Amino acid sequence: MKHLGYTFEKLKIASFDFTCCEGCQLQLANRESTLTDFLELLDIRNFRELSSEQHDDYDIALIEGSISRQDEIERLQAIRRQAKTLVAFGTCACFGGVNSMKKKFPLKESIAEVYPGMPVQTMLVKKICEVVKVDFSIPGCPVNKEEVERIMVCLATGSHVTLPKHPVCVECKAQLNTCMFELGEICLGPITRAGCNAVCTTGKTSCLGCRGPSEEINMPAFVKLVKDRELSLDELQEKIAFYNAFDGFNSHET
Amino acid sequence: MKRDYTLDIRHLTRVEGHANISISVKDGKLVDARWAVVETPRFFEVMVKGMSAERVPFLTSRICGICSISHALASIRALERAMKIAPPYAAEKIRLLAMHGETLQSHALHLFFLVAPDFAGTASILPVINSNPDVIKAGLQLKELGNEISTITTGRCTHPVSLVVGGVSKAPEKKQLLKLLEMIRERKPAIETTCCFFRTFAIPDFKRETEFVSLFNGSSYPSIGGRLVSTDGVNRDENEYLSMTNEYTRDYSTSKYTSLSRASSVAGALARFNNNYQLLHPKAKEAAADFGLEPVCHNPFMNNIAQLIECVHILEDAEELINTLLGMELGEIKTPFSPKAGSATGAVEAPRGILYHHLETNSEGKIVHADCIIPTTQNNASIHDDLRLLAEQALKEGKNDREIEKLCEMVVRSYDPCISCSVH
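For the protein sequence lines, the chains are A and B, in the order given.
In this text, residue positions in the first sequence follow the working numbering: the first is 825, and each later residue adds one.
In this text, residue positions in the second sequence follow the working numbering: the first is 42, and each later residue adds one.
Treat the hints as calculated values from the structure; they're not laboratory data.
There's no promise every hint is true.
Stated by the list, open to error - Derived DSBU-like pairs: lysine-lysine, alpha-carbon spacing no greater than 30 Å straight-line:
| hint | chain 1 | residue 1 | chain 2 | residue 2 |
| --- | --- | --- | --- | --- |
| 1 | B | Lys407 | A | Lys927 |
| 2 | B | Lys178 | B | Lys67 |
| 3 | B | Lys437 | B | Lys447 |
| 4 | A | Lys1051 | B | Lys407 |
| 5 | B | Lys70 | B | Lys407 |
| 6 | A | Lys834 | B | Lys178 |
| 7 | A | Lys928 | B | Lys381 |
Keep in mind it's a predicted model, so treat the numbers as computed, not measured.
Hey, can you work out the whole structure from these sequences and the hints?
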């Protein structure tokens, strides 16, 4: 592939999905106006959803979804052995995602409720980095295709892959939105990593933190903000827990 | 010639989710034909318990990456009916337009990325980009239009942002609606190109009589809510979803099965077409006639064509909806509500067929019970029965192993199964 006089190797890429909705992989086929150029960048070696041709000589593996069954662990380990670069692709892969909410109830009870009388294997959700080494993460529920395109160009040109360090608030202000807190809502924009172009708050719904914490967040100050505005701390907990993306930060009242 | 034959397809390609097909033949006779879903269960019906009603659509939309708008709206409809909330008229119209956007992108994705390679004899769409660039351009134009409709009506094309209990949180701006109108007009030739392309395909001649289930409202092609009907004469209230589905499990499948009047029934574009033909736009009826598609059609491969006919209908109907929206004030878009105890079903026509969410709330508006029945779940039994009959007929006709394998894969893809969705 030649661009501006430089010749680039196509990225030998594969895409795999585990416990998820496959919405992140679907983004790879979105943004149709740039799709043929985007596909030019890639040598798709394995992508079950898109192609019946499957090869095991990929360099980059995009991993969508979280892990919730033993056979998924084995499949993921085999992919890790092959891939030079393994990418946690989307919020479920990076943080466990909405699937993590399963931990609210005992597994046995959940199985009995959904599959009465049928033995079904399941385990508490693991994020990808709990099973194999992850080289880098692209968060988002779903991932933002524009960001994915930017990162793929970085990989093809050998540049350093980075994510925004600032919070969603910055992007939201740039869109001239009224702050959700001013509308009486708890919004996780102040503590969540930017890169989504504040898509939720621009649609007048609160940020639920799908991209995980931005750099150096101040959780106690954020909890105090919610308290000072006399907003519900239960609602704060429900929002913080939504994607399991703030695991490890104490968001309870101190 | 008496022959032994085993087909074992693990993780079928070009479908959403993980499932296997296995067929075994001994002495020229079919021993077993099986459709086994092996997707990992996620337990959404459990996860949603205890959650505030207003947060629910944001969780349940994550059941599926392709039909997230349908899932959000099924939950919203169930909750609004349970808590007696009437969304404003404008919000209802915006939601109908959003459904059109989702169905258009889903059908375009299925027809071009998943189905067309079978007829073109390629492993994926990628070689078709070079061999038929105009056709692929048309397909991408339609898919992009669907995504743009969804983005303008719900804030984002996957996992909607502004669909909320009580209405919508943000209305599209006039200039955005005008842009959509322009895009639709510009892209009508793309649908003609697509129809011409699909008319060159030899659709397998196969028929298995079955029962088709969909929504029906008598005045418009079905989308959100209505009566639950079937081609066998069933006609029930939306809340009677349990008697429409009679869900059960099979030990080799993490996706459940359903039945109605027969051992298997079908949901999806062909089911909607078969039950609502009269309500299609005249242009869609014309397009159907060009394919020789008439109700009641019992060829599962024609579900692909029914999807295409729906795309024709959507372009026309979306234009009318946008004109309606342009002619009204979009000020009142959300009805305020207080949480109430109640329970109700929300049924919508997702791209792949009728989708039910049944939700029960307590007096704080928190979920105490949830049940979701997915279109693909309602098609599992039929896929299974089709595989069996198709394999038997192909054996009789003396088709070779590779031909049988391809036909089996193609019939499954015709249903456009949404496997991870069905194992929610």
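A quick look at each hint next to the structure:
A C-alpha spacing of about 18 Å is found between Lys407(B) and Lys927(A), which places the hinted pair at or below 30 Å, so the restraint holds. For the hint pairing Lys178(B) with Lys67(B), the CA-to-CA distance comes to about 46 Å; that exceeds 30 Å, so the pair is violated. For the hint pairing Lys437(B) with Lys447(B), the CA-to-CA distance comes to about 16 Å; that is within 30 Å, so the pair holds. Between Lys1051(A) and Lys407(B) the CA atoms are separated by roughly 22 Å; this keeps the pair inside 30 Å, and the hint holds.
Between Lys70(B) and Lys407(B) the CA atoms are separated by roughly 55 Å; this puts the pair beyond 30 Å, and the hint is violated. A hinted pair counts as satisfied when its Cα atoms are at most 30 Å apart, and Lys834(A) with Lys178(B) qualifies at roughly 23 Å. Restraint check for Lys928(A) and Lys381(B): the C-alpha separation of about 23 Å stays at or below 30 Å, so the hint holds.
Comparing the model with each earlier hint shows violations of hints 2, 5; every other hint is respected.
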